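Student: Sequence:
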Amino acid sequence: NLKVFCNNKNIASLVSISQKLDFLITVDTGNLHLCDILQIPTLAFTSSLAAYRFGGGSYGGRFDKLIVKPAWQKEYRKIYEIFTKKAENNLENL
1 NLKVFCNNKN IASLVSISQK LDFLITVDTG NLHLCDILQI PTLAFTSSLA AYRFGGGSYG
61 GRFDKLIVKP AWQKEYRKIY EIFTKKAENN LENL
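Under UniProt numbering, the sequence shown has 2 at position 2, and the numbering climbs by one with no breaks.
Keep in mind the hints are simulated off the structure, nothing from the lab. Quantities reported herein were computed from a predicted structural model and do not represent experimental measurements. Glycine included, each C-beta is placed from N, C-alpha and C at the ideal position. Please note that the accuracy of each hint is not assured.
Computed list of lysine-lysine pairs in DSS-like fashion (alpha-carbon distance at most 25 Å, straight line) [as the list claims (entries may be wrong)]:
#1 65 x 20
#2 85 x 65
#3 74 x 85
#4 85 x 20
Here are the computed distance ranges between Cβ atoms for each label pair [said to hold, decoys possible]:
#5 74 x 13: 37 to 43 Å
#6 84 x 29: 31 to 37 Å
#7 89 x 58: 20 to 26 Å
The whole structure should be built from the sequences, with the hints applied where relevant.
Tutor: Structure follows, in C-alpha cells:
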C-alpha cells in the first residue's frame, strides 16, 4: 500500500503513520531519519553530499541507498532500473 503524508501541523501524526510502515522508499527527508530511528527498513534515493552527511542505519535498522551524481537525469533509464531492482530486492527480504 502507498501512503502519502500531508500534514504540516503535527509531527506526532508522522510518527504514528511511520510506525505502521513495513518499508519506506524515500528521498532525503525528515521521514528518512525518523524511520531510521524507528528501525523501519528504508531505501533512499540520495545525492552523494546527503549520503556523506547521513550514512543511515545508525540505529540498527536496515538501510539501503542509491547515491546519484549531479546531472543523474541524463542517465534516467539506467538509474530507474537500478533503483527499481534495489526496491524489489529489499521488498523480497522483508
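Student: Each hint: holds or not?
Tutor: So, going through the hints one by one against the coordinates:
For the proposed pair residue 65 and residue 20, the alpha carbon gap of about 21 Å is at most 25 Å, so the pair holds. As the CA atoms of residue 85 and residue 65 are separated by approximately 12 Å, the hinted pair is consistent with the 25 Å bound. Only pairs whose Cα atoms come within 25 Å are accepted, and residue 74 paired with residue 85 is accepted, the gap being roughly 19 Å. Between residue 85 and residue 20 the alpha-carbon distance is near 24 Å, which keeps this suggested pair within the 25 Å criterion.
A C-beta distance of roughly 38 Å is found between residue 74 and residue 13, which places it inside the suggested range of 37 to 43 Å. Roughly 20 Å separates the CB atoms of residue 84 and residue 29, a value that falls outside the hinted 31 to 37 Å. Hint check: residue 89 to residue 58, Cβ distance near 22 Å, so the stated range 20 to 26 Å holds.
Comparing the model with each earlier hint shows a violation of hint 6 alone; every other hint is respected.
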